[in-house]
Amino acid sequence: MAAVTMRLPQVRGPVGTSAPRGAEKHLVAPGDTITTDTGYMRGHGTYVEDDKLIASVAGVVERVNKLVCVRALKARYNGEVGDIVVGRITEVQQKRWKVETNSRLDSVLLLSSINLPGGELRRRSAEDELAMRDYLQEGDLISAEVQSIFSDGAVSLHTRSLKYGKLAQGVLVQVSPSLVKRQKTHFHDLPCGASVILGNNGFIWIYPTPEQKEEEAGGFTTNLEPVPLSEREVISRLRNCIVALVNHKMMLFDTSILYCYEASLPHQIKDILKPEVMEEIILEARQRLLDLEG
Amino acid sequence: MASVVLSEAEKLYIVHGVQEDLRVDGRGCEDYRCAEVETDVVSNTSGSARVKLVDTDVLVGIKAEMGTPKLEKPDEGYLEFFVDCSSNATPELEGRGGEELGTDIANTLYRVFSCENSVDLKSLCINPREHCWVLYVDVLLLECGGNIFDAISIAVKAALFNTRIPKVRVLEDEEGTKEIELSDDPYDCIRLNVEEVPCIVTLSKIGYRHVVDATLQEEACSLASLLVSVTSKGALTSMKKVGKGSLDPESIFEMMETGQRVGKSLHIALQKILDEEESLGTSRPKVGFLG
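Note that the protein sequences, when read in sequence, are chains Z and L.
By this note's numbering, the letter at position 3 of the first sequence is numbered 3, and the numbering carries on one by one without gaps.
Position in the second sequence (from 1) plus 1000 gives the number in this note's numbering.
The shape of chain Z in the complex, shown without the other chains (with noise of 0.2 Å):
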């Protein structure tokens, strides 16, 4: 039976009270005076004009003792050593491959920074080089951890551990890297039946879990047996919950995402699309986070 629902739009408000935070954040728009002090040295979002220093984005100001710079809220991924993200093959190059991450620039994947399969360690050949499109073409999604950065600002890549490869079944949610909260690990296997990825790039995936722990055979065989419909409907869910963190500003880690599953239960999935339903959801997660932190 089809069912369509349509609404007139209606203005939303911020949803809850927000608790109070330690310290008042000082929230700039671009043209809005930070300091007349000039003692300050200007770092990024900031420019200098008659003497004031002045936001150029918009965000939340930082002081490291004379470095004053504007963090924007909504802004590209930049990358720093050590990160996971979760990329997508672009190009395919002679010795590399060209990963999108949501940055300003596309990152770079080396082939001497994947691991081969079989687990091999050998230098690599001209052979691999022309065999690098049967390990990742073009569309293929892949889980990484940032190596270094280029001075240019690109960010490049490795896979260089059994955790990392290419991705197999599941969905991809592309939110704002401000969004995902830097924790010790981003790889989850939440307790409802699926596994999530939280890239810090801003790219979320979700994955049914994988049922051994098969000695990956350097991450690149791909699992094509159909999942099965119980799992389909636990990753529908929390991709639907992810969507409705991302649409009131919540910070994305397991247990928001977990508590907002939970609070998902009694609803349909298709409906917690809704915006009524989706208020109600994150209503009752903030709770939770809140009785939590308290």
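What the hints contain is simulated information worked out from the structure, not anything from laboratory work.
Don't be surprised by glycine CBs; every beta carbon is placed ideally from N, CA and C.
No false leads were slipped in.
Just so you have them, the derived chain L footprint on chain Z, three or more residues with Cβ under 8 Å:
#, region
1, 170-183
2, 226-232
3, 265-279
Using the hints, position chain L against chain Z.
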């Protein structure tokens, strides 16, 4: 049209999901995403509407101007469609990339409205062979998130519902020259009957089944789609097949039936929301683009 690149495994996941009637966002194969419809958003048009289907955003404005009727239909007015695909909608529409898509959509709209009964064109006539109302329908595609044809047709119907054409009287002088007089009351206008206006339903074939209201990811997995335009009574006014894949005649038949069924629900839901908006009258809080 915007397109996303997907890996083979992701496409396989989507195809298997559609097979089991559970799409990535939990919808069934015949469910639409939540749509937001608002009319009267542009003040200097005769009628306007904005439709937002999660990430597909369409704005339609209708201007009623006086013109001369076409030679082959001297006692009817007519509609002119123009579609502008904003470069903001998707990077592929940058510069002049949107022209081809725009003409494609405009031609589809002409075809959909080519059926005689869709809009009562005789009511748009003022003086046979001399004056008639021409409705210039301008469609602006603001954001492309999959399923643009459906969103555009919903917006066109809502804008036609919202259109107010001023009442005119034709006065004849003793010498025989005709003068057209506009009534003084700005609220004295004629409304169009939109009961027979069709809406487009896009059915995308994914694997062995077809889905309604495909997202960008689902469109990347489907090789062929069928656009059917359905009136509120379930009558088909036009049909168009798009995509580089082929469709089996049996599947076309099934898709047409689904299109009729879904189209009827679509019209019921749209009419309900338009009536609700109308009943709120001036007390409705206008959201527009700053909500």
